[in-house]
Amino acid sequence: MMIENDGFLFPNDLHILWKLMIVMYPYVTGLVAGAFILASLYHVFHRNELRPIGRLSLVASLGFLLAAPATLQLHLGHPERGFNIMLTPNPSSAMAMFGFIYAAYLALLVFEIWLVHRVDIIMLASRSRGVQRWFYKVLALGVYDVSEEARHVDHGVLVVLAALGIPGAALLHGYVGFIFGAVKANPWWSTPLMPIIFLCSAIVSGIAMVVILYQVGVKFSGRRIDAACMQSLARWLWLFVIISVTLELLEIMTLAYEAADEWQIIKPLLVDQLAFSFIGIQLIFGALIPIILLGIVVLMSRYLTDQIRNTLCFVASLMLLVQVFAMRWNVVIGGQIFSKSLRGFRETYFPGLFDKEGIVLAILILVFPLVFIALFNRVLPVFEPLDAGNAESLKP
Amino acid sequence: MPTIQANNLPPHGDQETPLPVLNRRGFLKHGSRALGASLATLVLCDLADLMQFAQAAGLTPQSGESVLGGYDWTKHRYVYLIDLRKCIGCGACVRACAKENNVPRNYFRTWVERYEVSRTGEEVVDSTNGGMDGFAPHVSGNDVTKAFFFPKLCCHCTYTPCVQLCPVGASYRTLEGVVLVDEKRCIGCGYCVQACPYGSRFIHPVTHTASKCSLCYHRLTRGLTTACVQACPVKARMLGDTIKVGDEVAEIIATQSVRTLQPELLTDPNCFYLGLSKEAR
Amino acid sequence: MEHAKHIIRAVLLLVVAVVVFVLVRHFLYPKSFGLHGYYRFDSVAEYASAAPVHGDRGSCAACHEEKAATLTRGKHASVSCEVCHAPLSTHVQEEARVAPMPVDRSMQLCATCHQKLVARPKGFPQVVLPDHAVEKGAQITNGVCQECHNAHNPSE
Numbered sequence: 001m002m003i004e005n006d007g008f009l010f011p012n013d014l015h016i017l018w019k020l021m022i023v024m025y026p027y028v029t030g031l032v033a034g035a036f037i038l039a040s041l042y043h044v045f046h047r048n049e050l051r052p053i054g055r056l057s058l059v060a061s062l063g064f065l066l067a068a069p070a071t072l073q074l075h076l077g078h079p080e081r082g083f084n085i086m087l088t089p090n091p092s093s094a095m096a097m098f099g100f101i102y103a104a105y106l107a108l109l110v111f112e113i114w115l116v117h118r119v120d121i122i123m124l125a126s127r128s129r130g131v132q133r134w135f136y137k138v139l140a141l142g143v144y145d146v147s148e149e150a151r152h153v154d155h156g157v158l159v160v161l162a163a164l165g166i167p168g169a170a171l172l173h174g175y176v177g178f179i180f181g182a183v184k185a186n187p188w189w190s191t192p193l194m195p196i197i198f199l200c201s202a203i204v205s206g207i208a209m210v211v212i213l214y215q216v217g218v219k220f221s222g223r224r225i226d227a228a229c230m231q232s233l234a235r236w237l238w239l240f241v242i243i244s245v246t247l248e249l250l251e252i253m254t255l256a257y258e259a260a261d262e263w264q265i266i267k268p269l270l271v272d273q274l275a276f277s278f279i280g281i282q283l284i285f286g287a288l289i290p291i292i293l294l295g296i297v298v299l300m301s302r303y304l305t306d307q308i309r310n311t312l313c314f315v316a317s318l319m320l321l322v323q324v325f326a327m328r329w330n331v332v333i334g335g336q337i338f339s340k341s342l343r344g345f346r347e348t349y350f351p352g353l354f355d356k357e358g359i360v361l362a363i364l365i366l367v368f369p370l371v372f373i374a375l376f377n378r379v380l381p382v383f384e385p386l387d388a389g390n391a392e393s394l395k396p
Numbered sequence: 001m002p003t004i005q006a007n008n009l010p011p012h013g014d015q016e017t018p019l020p021v022l023n024r025r026g027f028l029k030h031g032s033r034a035l036g037a038s039l040a041t042l043v044l045c046d047l048a049d050l051m052q053f054a055q056a057a058g059l060t061p062q063s064g065e066s067v068l069g070g071y072d073w074t075k076h077r078y079v080y081l082i083d084l085r086k087c088i089g090c091g092a093c094v095r096a097c098a099k100e101n102n103v104p105r106n107y108f109r110t111w112v113e114r115y116e117v118s119r120t121g122e123e124v125v126d127s128t129n130g131g132m133d134g135f136a137p138h139v140s141g142n143d144v145t146k147a148f149f150f151p152k153l154c155c156h157c158t159y160t161p162c163v164q165l166c167p168v169g170a171s172y173r174t175l176e177g178v179v180l181v182d183e184k185r186c187i188g189c190g191y192c193v194q195a196c197p198y199g200s201r202f203i204h205p206v207t208h209t210a211s212k213c214s215l216c217y218h219r220l221t222r223g224l225t226t227a228c229v230q231a232c233p234v235k236a237r238m239l240g241d242t243i244k245v246g247d248e249v250a251e252i253i254a255t256q257s258v259r260t261l262q263p264e265l266l267t268d269p270n271c272f273y274l275g276l277s278k279e280a281r
Numbered sequence: 001m002e003h004a005k006h007i008i009r010a011v012l013l014l015v016v017a018v019v020v021f022v023l024v025r026h027f028l029y030p031k032s033f034g035l036h037g038y039y040r041f042d043s044v045a046e047y048a049s050a051a052p053v054h055g056d057r058g059s060c061a062a063c064h065e066e067k068a069a070t071l072t073r074g075k076h077a078s079v080s081c082e083v084c085h086a087p088l089s090t091h092v093q094e095e096a097r098v099a100p101m102p103v104d105r106s107m108q109l110c111a112t113c114h115q116k117l118v119a120r121p122k123g124f125p126q127v128v129l130p131d132h133a134v135e136k137g138a139q140i141t142n143g144v145c146q147e148c149h150n151a152h153n154p155s156e
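Protein chains in written order, with this note's numbering: chain H, 1 to 396; chain B, 1 to 281; chain W, 1 to 156.
Isolated chain H (complex conformation):
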């Protein structure tokens, strides 16, 4: 089929329908899943060098999880009906499961964080007075058992939860990829690789976010960055960027090589419409450079001072956060730039500043988890567990 691109769009296809908030949605849930899977490396697979970020990544995961529904609610035409998704979830709909997966995952994450911090909660209850004391006592659910046995139980449950959480996180995010991958009407989305690509880049963004939170958090609290931990993070990050970028490229190579009907529109999409955000940001700035930077950290670790390692990791992580955002953008917006007529492109989309789906709200959504972590840290320690040293006895 010879397509002469004269820019014909179906008349209903003039506008981009899924805007910035739908780019944010996979981005934020990706951070949730990525941070959680990172936490599981420590809690389930006992990568002990990751201990310094074991708590932080769980709390970060929760922060972003709490922010995630805001993206959807801001997008919906009828946010007040959002609960319908749990009232009458259509069993044949990919999207319908969101409410349940989300709720289950939230419960699991809160439970897990609670277990991780339980001893601290009890200790804080014993140290504080008045309202604060009551607050911690309620948090402890009125049980102050920190005996060896109780902690064994905690740990056992924790491992089970974290283990359940891995498929949970994979599901939470893999299914976001599935939402796109299962749209057979859209050649740029419709690929079974989509969930895996989403998942891999989610892990990349999650680790990158934790690297940044860790470095910044540690600076603020006047601690030292743990070199072994940073080295390990860099290694995992490197591995997942490589997998993720390879998959992203593989998908496009397949499309190009098969050169079916849809390639006629996807080619101009990639080289014209998305040239900047796809080739420029997603492939070169966001992937190639960080892969090199992290490669240096991983392969030449011996020659690096801590300072250089931290800086390289920090810079690479920032770039990877941009890369993953660009990848979400290129999928979500890219899939809508061309009309389903496959004969033309829509007006280019750039989010407004103060719209419902605008930049300001998007930034607020990203800032919320950071504030959440900071506040959480005031209530319960996210970096290191409390020093059991000089605690008083708790008289309930």
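These are calculated hints, taken from the structure and not from any lab test.
Careful, some of the hints might be misleading.
[To be verified] Cross-link-like lysine to aspartate or glutamate pairs, in silico, DMTMM-like; alpha carbons within 25 Å at most: (1) B:146 - H:261; (2) B:184 - W:42; (3) W:75 - W:56.
Take the given structure of chain H and dock chains B and W to it, following the hints.
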């Protein structure tokens, strides 16, 4: 309540302690009790809904006459036929549809495209304002060898991706094969709009819900034909009913060479075309 | 299990949450949902209850018998009155005229169907507008086509 001595606590690094062995019996006992109770509640509460489903899946659908004012929806199965060789591209159907269904400006429940193909294979397609104001003579400068108008509307697919994907059950297919949107339940997520390969859905700018061709359901139930079919001056648009004996349109679909749009997607549209050329998509 | 008390409490909390959800869901569950499939059946009735805007083909004839007869006699028999005028409900409601029916005498109306276009079927009568009227010796004014053609029976 036990009093704990916090400084008796073991050091914090949980990874130092070996994997504990959970007391399985106790865990199972309590766990299963709690699980059982919650499951029982779930099942009991939703039994009513489930029964309704069983009924829906049953083989004898009710006529629904009481609700539909004497119209029996088990006695119809609509099909739509468009004869591209007849269409003159006047846009009367688009105007009629917009008035009948109060379709917002710049959105279309049905629209008309124009294809002009030259000998060298150049394809020029346009659909200014969905063809609502008819078409002006083209000055493409091509040596046009093949040209036709191409009216479109919702294909009312049998295996429709939009209904499959609707997260809240707001998109559905009636017994007669009409795909509708429940405007009171639609959350406006736009997933169905993305899923429709034909571009026949849109988010209504005022109600913020998905909107699409309803096959003039309110007219069909009153025994009228759709606004677009009635407006067509050349009978290029026809509505048929495969259950009706001796239906002219059903006969054409059964006996002549008709095509559907993007058949490779296996959505099994109920809107058929006569004289569909390969360029048309 | 004496050392798993806190776990049991947490699980109970979860169970309470689930039960609350199930109850809330039960009360919010839409009436008539799932009667005939995974949707609210009342919605079908809502669609069915909308009032038609256009009448049926014969609806104008009740009051404009003579015009309708003229139309059916000629080449425009297949053209619905409402295409050239406007939907019935804007003009007549409950069997009484509520508002004047627009009469469009412009060339534009005829042009939507008769302007010569390559994409139109060859057998359909089309003329190059406005050249056709000029050729026939008419001045282009509003209603020029009606000078020689009766809109209701153009060959007359």
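ask   = Tell me, which hint numbers fail for this structure?
value = Failing hints: none at all.
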